[in-house]
Amino acid sequence: MSLSIPYFFSFMAIIILLLSLKDGRVKAFGTPNIGDLENIQPSIWAKSQGLTNINNSIKQAFDINSNIVAKRGRKIAQAINFTIASVIFIFLMSIAYSNFILKRGGNIVSENKKNTDFDKRPKMSQSTSKPETMLATNNRNIEENQQFGFITAGMESLHEKSESKKKNSNDEKRKKD
0 MSLSIPYFFS FMAIIILLLS LKDGRVKAFG TPNIGDLENI QPSIWAKSQG
50 LTNINNSIKQ AFDINSNIVA KRGRKIAQAI NFTIASVIFI FLMSIAYSNF
100 ILKRGGNIVS ENKKNTDFDK RPKMSQSTSK PETMLATNNR NIEENQQFGF
150 ITAGMESLHE KSESKKKNSN DEKRKKD
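Going by numbering that gives the first Met the number 0, the sequence shown opens with residue 0, and the numbers climb by one from there.
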């Protein structure tokens, strides 16, 4: 439950911002009513009456738009407050979580390994024998490598076995003929 509080505050901030955009869809532009300008009686004060009508319409538009800006400003302030509350809850929850981890004695992952005693494990024996290596080659390469001394002791016994198999197979062929 406590993990969802910052998400709730962030969600509310986004909703409030979207609603504030919806509030200012209607704007006033300060254009005077054409009928008011046409109804001005021709006299020496006709121009001043026309300017007065224009000023009144501009003032009305300014007042309407000021109210829209004030409404949006209040909603944006609310959204900022929700965002600040979300950040504060995230900060407090991270402190509480790290405090909880420290009280438990460290990392949660090591909880499963608390009873492991590394000194009582059996030691690996060290072997002095070298593993035999096998070289995947044909006989001709083995003979060439023997001339240059590249064959290991294990390979010599392998080579001897292959030579004895060749001799046995050659002997069997001779007996058949």
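The set of hints was computed from the structure by calculation and includes no laboratory data.
Mixed in with the good hints there might be a few duds.
What the hints assert, rightly or not - Cross-link-like lysine-lysine pairs, in silico, DSBU-like; alpha carbons within 35 Å at most: (1) K21 to K70; (2) K70 to K58; (3) K26 to K58; (4) K58 to K21; (5) K26 to K74; (6) K74 to K21; (7) K46 to K74; (8) K26 to K70; (9) K58 to K46; (10) K21 to K46.
Note that the structure is a prediction, hence the values are computed from the model and not measured.
Right, here's what the structure says about each hint:
| no. | hint | in the structure |
| --- | --- | --- |
| 1 | K21 to K70 | holds, 11 Å |
| 2 | K70 to K58 | holds, 18 Å |
| 3 | K26 to K58 | holds, 13 Å |
| 4 | K58 to K21 | holds, 23 Å |
| 5 | K26 to K74 | holds, 18 Å |
| 6 | K74 to K21 | holds, 11 Å |
| 7 | K46 to K74 | violated, 42 Å |
| 8 | K26 to K70 | holds, 13 Å |
| 9 | K58 to K46 | holds, 18 Å |
| 10 | K21 to K46 | violated, 39 Å |
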